[in-house]
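Line order of the protein sequences matches chains A and E. When we follow the numbering used here, the leftmost residue of the first sequence carries the number 1, and every step to the right adds one. When we follow the numbering used here, the leftmost residue of the second sequence carries the number 281, and every step to the right adds one.
These are computed hints drawn from the structure, not numbers from a lab. Treat the hints loosely; a few may be bogus.
To be verified - To give an idea of the chain E side of the interface with chain A (calculated C-beta under 8 angstroms), a few residues: (1) S286; (2) H292; (3) L293; (4) T300; (5) G303.
Unchecked claim - Taking lysine to aspartate or glutamate and the EDC-like style, the derived pairs with C-alpha atoms no more than 20 angstroms apart in a straight line are: (6) A:K279 with E:D382; (7) E:K287 with A:E35; (8) A:K262 with A:E171; (9) A:K277 with E:E531; (10) E:K553 with E:D475; (11) A:K279 with E:E602; (12) E:K530 with A:E280; (13) E:K405 with E:E500; (14) A:K76 with E:E602; (15) E:K516 with E:D475; (16) A:K77 with E:E602; (17) E:K663 with E:E596; (18) A:K277 with E:D475; (19) E:K534 with A:E35; (20) E:K331 with E:E318; (21) E:K439 with E:D508; (22) E:K330 with A:D174; (23) E:K331 with A:E280; (24) A:K262 with E:E318; (25) E:K331 with A:E173; (26) E:K534 with A:E280; (27) E:K399 with E:E351; (28) E:K330 with A:E280; (29) A:K42 with E:D284.
Ideal Cβ positions, reconstructed from N, Cα and C, are used throughout, including at glycine.
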Amino acid sequence: MEKTLITYSFFILTVLIFFWGLWFRMSMYLLGSVEGAEDAGKWKTFTILWGRVWRSFWSKPLWYSKAIAIDVIFHKKLFGQSFYRWLAHTLIVWGIIVVVAVHIIKLLSTFCLAGLNREIPLFSFAHAFETGTFCHFLEFLISAFGIITLIGCLMSIVRRFFLRPDQLLTEEEDIISLFFILFLVISGFIAQGLLIAIPDVVSAHDYMGGFTENWVNYWMGATTGFLNKITLMETLQSRPEVFWYVHIIPGLIWFVYLPHSKLLHIFTSAATVVANKIKE
Amino acid sequence: MPIDISKLSSRHLLEIDACTRCGECLNSCPVYAEREDEGFNPRGKIQNLKKFIRGQYGLWARIFGPKKLNEEDIIALSEKIFRCTLCGACDIACPVLINPKDLSIAIRETMVEMGHYPKAAENVKKNLLSDHNISADDNEDRAEWVEDLVEIPEHGFQKDKAEVIYFVGCVSSFFPMVQKIPQNFVQIMVKGGVDFTILGEGEWCCGFPLIGAGMSRELEKLKVHNVDKIKEVGAKSVVFSCPSCYRTWKELYKTDVGLLHSSHLLEQLVKEKKIPLKELNLTVTYHDPCDLGRNSGVYEPPREVLKMIPGVKLVELENNREKTVCCGGGGNIEMVDPELSAGIAKKKINEIHNTGSDIIVTSCQQCVRTISTRARKQGIKLKVMDVTEIVMMAMK
Numbered sequence: 001m002e003k004t005l006i007t008y009s010f011f012i013l014t015v016l017i018f019f020w021g022l023w024f025r026m027s028m029y030l031l032g033s034v035e036g037a038e039d040a041g042k043w044k045t046f047t048i049l050w051g052r053v054w055r056s057f058w059s060k061p062l063w064y065s066k067a068i069a070i071d072v073i074f075h076k077k078l079f080g081q082s083f084y085r086w087l088a089h090t091l092i093v094w095g096i097i098v099v100v101a102v103h104i105i106k107l108l109s110t111f112c113l114a115g116l117n118r119e120i121p122l123f124s125f126a127h128a129f130e131t132g133t134f135c136h137f138l139e140f141l142i143s144a145f146g147i148i149t150l151i152g153c154l155m156s157i158v159r160r161f162f163l164r165p166d167q168l169l170t171e172e173e174d175i176i177s178l179f180f181i182l183f184l185v186i187s188g189f190i191a192q193g194l195l196i197a198i199p200d201v202v203s204a205h206d207y208m209g210g211f212t213e214n215w216v217n218y219w220m221g222a223t224t225g226f227l228n229k230i231t232l233m234e235t236l237q238s239r240p241e242v243f244w245y246v247h248i249i250p251g252l253i254w255f256v257y258l259p260h261s262k263l264l265h266i267f268t269s270a271a272t273v274v275a276n277k278i279k280e
Numbered sequence: 281m282p283i284d285i286s287k288l289s290s291r292h293l294l295e296i297d298a299c300t301r302c303g304e305c306l307n308s309c310p311v312y313a314e315r316e317d318e319g320f321n322p323r324g325k326i327q328n329l330k331k332f333i334r335g336q337y338g339l340w341a342r343i344f345g346p347k348k349l350n351e352e353d354i355i356a357l358s359e360k361i362f363r364c365t366l367c368g369a370c371d372i373a374c375p376v377l378i379n380p381k382d383l384s385i386a387i388r389e390t391m392v393e394m395g396h397y398p399k400a401a402e403n404v405k406k407n408l409l410s411d412h413n414i415s416a417d418d419n420e421d422r423a424e425w426v427e428d429l430v431e432i433p434e435h436g437f438q439k440d441k442a443e444v445i446y447f448v449g450c451v452s453s454f455f456p457m458v459q460k461i462p463q464n465f466v467q468i469m470v471k472g473g474v475d476f477t478i479l480g481e482g483e484w485c486c487g488f489p490l491i492g493a494g495m496s497r498e499l500e501k502l503k504v505h506n507v508d509k510i511k512e513v514g515a516k517s518v519v520f521s522c523p524s525c526y527r528t529w530k531e532l533y534k535t536d537v538g539l540l541h542s543s544h545l546l547e548q549l550v551k552e553k554k555i556p557l558k559e560l561n562l563t564v565t566y567h568d569p570c571d572l573g574r575n576s577g578v579y580e581p582p583r584e585v586l587k588m589i590p591g592v593k594l595v596e597l598e599n600n601r602e603k604t605v606c607c608g609g610g611g612n613i614e615m616v617d618p619e620l621s622a623g624i625a626k627k628k629i630n631e632i633h634n635t636g637s638d639i640i641v642t643s644c645q646q647c648v649r650t651i652s653t654r655a656r657k658q659g660i661k662l663k664v665m666d667v668t669e670i671v672m673m674a675m676k
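Bound-form chain A, shown alone:
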């Protein structure tokens, strides 16, 4: 439990640094001029801009919702320009969104609620998230969308390093961003596989994924079983939680890195689309 507490403390710290990073980048945009907020400070300027977005949205909620659905969520323009690129991008985006969202649900349910229930028995329903059918469903989602992300990453790697269309420019930032995601997905699979292959870990509740039922991801266990034979699994068998940290620590670093990388476009591109629609 102490290890868990330390990890979750780091998670909270990561989230705080992530939001600070977002604010840092946003405050840079607020150094620019905003009509009607010439003498306002950054926070005031932000509230003025947010007020405009809010009012614009509620003046035509259906129109904006449609625009966001088509241009931000579906990426209509990209779809028209290159189906391959659109598919790779969509797989990565939705893969990450679902995997992160499910991790957050698991965090809240298994630690915050189920964990708390052990001390104060008020949240017994959370037990279903920990070991019940719903837990299996969440595990399935993580695995399925992990594969989706993996396919998207591989498609991007093929395009960037093998197909190499003329318009593409590969810089350090692109390589870091792509391989960072790839590393997180692969390490996540191996961590899950180890969890299945080494049941002792589950019973010891040594790391966050320790609540998974074995049969859910048994096929991944087979993969890791194969790895057992060809890698230095003896070390991992004696200290299997090590691989969990190999997955979770870079995961937390990725969150901190996100606002300072090209991955920030997840937020900025959505904002440019909305800004463009407001201008229209």
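Knowing the structure of chain A, use the given hints to seat chain E on it.
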């Protein structure tokens, strides 16, 4: 001197950050097609600027202090920023709806503030503010083109009061090659029974070249003067044969009067059968001027006019409507880099040639000038017409 990002809007700064270097803008950029240098395309310009901004205001700059700006890099960026036709093709291509064209104008303004801009831009400002026209001609001669008409009314098309004001624009007023545009248009309006006037020396440049020069702050004086003139005449609408004047008025002038491009009025006159058109046995293609089509959204009225002329067969260019490729006459690049402008025009002429049509029709005096000049220099026989000219031809 650091880059003062307060000259850029918050939206521009957001857009600079939102660019993921996908390169979709590359395929549509006429300057990049000509120069094939990363620094000349919208992505390269945005990335260079991003580098400067991060060096000054980014995380490392906050921790370790701003990076010293390299003067040579700033000059190189400025040279590239002023080599953009402002055609807006990149705006259409961007999958995340960034507006590199507006960004390019904003960066030009920042460069002007920093003192890094071409001498041609300074001349534009001087000409417009002292002579009130782009070519530093005597503004009293603005309506000199009227003298070449066979039938000139006593008022010389300059009346005290009228329903419509025809805002001729600098290029059509002073450049003999395209003076036939206002000459034809006034005759069509007379025939169509339009109650119109021109402003003569009372017309000042709309200020559009100042936008391209990164000096839009200087535009106010011209705007106030022109709007006052409209009020004096008491006109209900203003008609433009110049797409750039039309766009500038639409976007920047705060006026209640109706704003029309000549193609709108021609379409109306032809539809109402106010001008009789005889059959012309011609195959024509149509070039969408950037400021009329992509930047103002007017695609169909000129096409409708052409389709209504009996015997005229319209063949579309490979890249038409919002995908049209600039003729090379936009963004003041003719003044800054004539060779670049000519190169872009050459590609346009090749595209026109591929249609096999006899005539290229457009709705812009600058496009007529650029394409005609280049075709002549290349020794290519190509008839370039404004839409007013082909209508006039059908009226005779």
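message = For each hint given before, does the structure comply? Return the numbers of the non-compliant ones in rising order.
response = 18, 23, 28
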